[in-house]
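Undergrad: Residue strings, one per chain:
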Amino acid sequence: MDADLRISLHAWMVLTRTFDDAMVSMWKQGRGLGGTFSQRGHEAISVGAGMALGPDDVVAPMHRDLGTYLVRGMSPERIFSNLLGKATGPSRGRDANLHGMGDLGLGIIGYISHIPQALPTTLGAAMAFRYRGERRVAMTFVGDGGTCSGGFHETLNMAALYRAPFVLVIENNQYAYSTPLHQQMAVSDLAARAASYGVAAERVDGNDVEAVYRAVSAAVERARNGEGPSAIEAVTMRMLGHAIHDGAEYVPAELLEEWAAKDPIERHRNVLLEDGVVDTVDLEKMREVAQQRIAEAIAEAEKAPYPDPATVTEGVYA
Amino acid sequence: MDADLRISLHAWMVLTRTFDDAMVSMWKQGRGLGGTFSQRGHEAISVGAGMALGPDDVVAPMHRDLGTYLVRGMSPERIFSNLLGKATGPSRGRDANLHGMGDLGLGIIGYISHIPQALPTTLGAAMAFRYRGERRVAMTFVGDGGTCSGGFHETLNMAALYRAPFVLVIENNQYAYSTPLHQQMAVSDLAARAASYGVAAERVDGNDVEAVYRAVSAAVERARNGEGPSAIEAVTMRMLGHAIHDGAEYVPAELLEEWAAKDPIERHRNVLLEDGVVDTVDLEKMREVAQQRIAEAIAEAEKAPYPDPATVTEGVYA
Amino acid sequence: MSGDQGTGGRELTYLEAIAEALSVEMERDERVLVLGEDVGGTFGGAFKVTKGLAERFGDRRVMNTPIAELGFVGMANGMALMGLRPVVEVQFADFISTAFDSIVQFAATNHYRWGGAIPWVIRAPSDGGIRSGPFHSQNPEAWFVHTPGLKVVAPATPADAKGLLISAIRDDNPVIFFEAKPLYRSVRGPVPEGEYLVPIGDARIARRGSDVTIVTYGSQLHEALAAAERLAVDGIDTEVVDLRTLKPLDVDTVLDSVARTGRVLVVHSANRNAGVGAEVAARIAEEAFMWLDAPVTRLGGLDIPIPFSPPLEDAYRPDATKIEAAVRKLVAF
Amino acid sequence: MSGDQGTGGRELTYLEAIAEALSVEMERDERVLVLGEDVGGTFGGAFKVTKGLAERFGDRRVMNTPIAELGFVGMANGMALMGLRPVVEVQFADFISTAFDSIVQFAATNHYRWGGAIPWVIRAPSDGGIRSGPFHSQNPEAWFVHTPGLKVVAPATPADAKGLLISAIRDDNPVIFFEAKPLYRSVRGPVPEGEYLVPIGDARIARRGSDVTIVTYGSQLHEALAAAERLAVDGIDTEVVDLRTLKPLDVDTVLDSVARTGRVLVVHSANRNAGVGAEVAARIAEEAFMWLDAPVTRLGGLDIPIPFSPPLEDAYRPDATKIEAAVRKLVAF
Ligand SMILES: Cc1ncc(C[n+]2csc(CCOP(=O)(O)OP(=O)(O)O)c2C)c(N)n1
Ligand SMILES: Cc1ncc(C[n+]2csc(CCOP(=O)(O)OP(=O)(O)O)c2C)c(N)n1
Ligand SMILES: [Mg+2]
Ligand SMILES: [Mg+2]
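Residue numbers (the numbering used here), protein chains in the order written: chain E, 681 to 998; chain H, 681 to 998; chain G, 167 to 499; chain U, 167 to 499.
Everything labelled a hint here was simulated from the structure, so no lab data went into it.
Some clues are possibly wrong.
Stated by the list, open to error - Here are the simulated DSS-like pairs of lysine-lysine, each with C-alpha atoms no more than 25 angstroms apart in a straight line:
#1 Lys-708/H - Lys-983/H
#2 Lys-214/U - Lys-708/E
#3 Lys-214/G - Lys-708/H
Bound conformation, chain E alone (with noise of 0.2 angstroms):
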């Protein structure tokens, strides 16, 4: 893999954890608005997918795809904006945290909380393209818990049958809120419930950022090329609670323990650090830009304004 590519995925991440962690900070001390979504520990995931992605390509992130909204283009103080409900996020004030926040200039659709939505609406946009014969892929994201729900087996259904360009990438981060995998399903394979439908179907280290790229890559390429949707099963483990007030008491120490030694940012470091592609001072560099520039963001965002009550009725309809 490219040097530039490898510290490109490292500093989306940084980036990623950078504005979580400061997201989460600012909402502990109250400046927050509602609930929000930490990523942490899932930078591997939605950076490494999401920089497979090509320009012209669409992505639906979830609620936790924080770094994939990032690499596509969509500015922190846009993001910050939206989660603060200010007229200057995407979705003008009108829809919550990480939902409602698509831009389809930068290939984004919005999200929805309804679980599983994105997965058809993704293969819609993948079935357009397919329609008018354009070489574009879909791609969206479902976690553990959204493979329990009947639109996941629909849309793994259609999209294999009609050889859609649409890629799935299932987060299998162990819990949907305080329910651990095992009691959501009697299997645990991810991969394998794809690939019952005739799905090409890969389980991949979420904490490995290089090899999430590597795999979600072949999977665009496939799609890309009319061979058919694919999905890849990215196991990670959510590190703080389901949203901003949730302590998740209800989850071992010890695992969290395991997988904070699988950090998937202090992993890449070590790579990247092993490898010779970057040393200490370039790693350092980027932690500075990184806060740099979400503290920009913070402060823009917080100074902008607030939807005029006056527009509430406006955009209802196109």
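Guided by the hints, dock chains H, G and U with the ligands onto chain E, whose structure is given.
TA: Structure of chains H, G and U with the ligands alone, referenced to chain E:
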């Protein structure tokens, strides 16, 4: 297999077919009401599976499982009454064709059009048995078409998760209305589809009543012993249209010819004769009894009163 | 209010008018495609509305789907977001509930939330009176009228069926198009050829009258007109307003009529309780208060599942006889 | 009309009252069990309403489910048919749409169709005003009030929350129990101990008055009462009717109040268009026509998805200030 049981399986299939033939010709003569579904060719499944249940078990037969209603003890006159909208049918004129024919006294849960509502309902019945520690089993059916619906996935996932005493018979009759299997899904092994949830699954010849009986009996036994849910895929062919108005011109004639040669009643008849379990006189008698029974049932149902419109609002609430 | 019922010379059935609208739009606009259960191939759908389209436009533009309403309406959401104009058939309006999230949560809210337009149409064969039982007779329009972000259309004549379907396909928003299936082959009328459009959001005065207003839509329009003829014999001059669009509601046309007659009966096949007629009645009660000479009355289905048996279904549904009786009572008030 | 708001001595929050009802019924009746996403274990649900139940009654009676609303409500249908009394939590009322078929098609119709009773309760934390955005703030009661065969309950006080939940659990029919989540911890009141029942189908006069009637339910009751206090300062004597049950509707209590005041405002958090208030208004318009001194008016949410940002959400929702203004207008008519 016990000779009495084999004869009984045959007799129920003959009664089912006789009912079906009479129904189809009534409707063609304009003596029917609304639409109706022929189950021609499905006798081995609805009878074989229905007979595998014990008296305290419950079953939710689907729109083509006439034989199951009969073997559970619902009289042909009651069924005809339902088809004709009479007050004497199990739905008292409220529901159409084989829908709404529930009778908990016979262990029958009434069917509902919406696919695949019977599945989670039946799982719930199984869960109630488990909850109370009863050694009872709940069984239902789903078509090849129904396996594409989200509720199929949600139900099988939960059935496996909770190890419910639940049995699902998948009636793969190659078509969902006008849509052949290969336009419904990229795979073709519906038993494998079920197995992917961690449900014991098996494929049987759906035109072999003894094979169906044996497979479903084994599944019922497993469920009763707390060994969890099963799915049996019974492969057959829908020999007439989807419903009475449908000429099914979309089905290739050769396919129907091929399956006509595998007629479940004809086949079982030959096996019974070969094995010396019955002779042709017995069989002729069986047919006459069935014809007599159905003729009486039709006469009674046609004579039966319509519901009194003054009762129209009765029974909305329990 | 607008919309002549055309004078095209030729007459079509309600079903033929819908089929013609689909052909016209598929011919005109490559972005229009049809999908749903059994709509394709030589079959052409449970009611044969799409028959011939697959032969003419190919399987690519007339897609059979598995039984997965949530999924295929969701798929239509994505297609629409990417600029296509899917026309989805749910086999019976009764099965639209299976796709509920894809409609009321995704499609209805999306443009408001982040500006992505969802220009699809769902065609839903609705209504009863034809002995089809509780799951093939429903009129679920109230659920969708209550849901912000949708448009809901319910034509009663062949001309409106064609003109409103073309408008719905060209509309940039999700439009639910309720076809009254008892009218498919029983109603025939003049339908203009080619690109005939009836604007969404305009009611129509289907019959002018001065004594009393009936506000209705769909199959009950024909019952109301039949009742009006019988009432005319006794000198009761009934105005009949055909709403045609249920969301957005053309309240002005309704209020204008009530201002003239002072008496109003709202009628629909859907059950009365919290139905669309409740909204119509509430708007009249609030905004036409000064003109009312009698209470705003409503006639709808009973608050029960729709029964199968003829005497029960007839007891469930409004019809010309019941409308006539209600109007007589209203006029006598 | 009935239902004192108790004088039990002790006070509970709205949430504690609901939790107490669950405990009382689970203790009393082995057939009662709880299921839903995250309701079990040490966690006890997104709002902690079921916290402690799993410890007390075991995992068998407090079941975590996968994210599969259609499936687990469907499962509750089957459990109920076999004689259990499942109390299902949907994590937010917004997600009740995901289970739509299992509710409106199966549970609602089953007893009418063939006599199988479905005695479940769905608990649905609804309502907004707490900056939760379009998918965690909904009030979807109108869909279910329009659906034949369901019962729909929406308590506004701790005592009613307890008393109606116990009644709902003991009812032999499917009951949707809308909990107003902004009230969970913000409202506290006297709640009788033990087996306290409030009958389903009875509205309550929450405040007596003679000049004008406000008909409302859920969180808007508190806004209406606050408005009434402010209006009292100017000598406007407001009666407030808390519907408590939305299906079946206690029309008699409403009509009786309107007959005394001649002026009525119907208020709810759900969007106004074709909401439950439309049915209430239409019933009043038809059945209290002779008593009305002013048009029946309504106040509800705007016909838009519920926005997240505070200035937008405030513009969306009714509140005491908007109610006060509407009553002043009504009184001035
Ligand atoms: C239909 C539906 N039901 C319930 C919820 C509430 N909910 C939001 S996220 C979540 C857990 C999701 O778990 P998973 O899919 O594993 O994703 P994760 O949060 O772990 O990333 C739940 C239950 C929802 N959004 N949609
Ligand atoms: C949710 C839903 N969508 C559509 C229908 C209409 N419908 C009734 S039966 C049927 C085909 C069913 O095919 P399959 O499951 O294979 O059963 P079969 O009729 O072949 O026995 C369809 C589409 C329905 N009943 N429910
Ligand atoms: Mg998860
Ligand atoms: Mg089939």
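Undergrad: Next step is simple, just say for each hint if it's right about the structure.
TA: Hints, one by one, checked against the model:
1. Lys-708/H - Lys-983/H: Distance of about 19 angstroms is within 25 angstroms: holds.
2. Lys-214/U - Lys-708/E: holds, 20 angstroms
3. Lys-214/G - Lys-708/H: This hinted pair holds, its Cα atoms lying about 20 angstroms apart.
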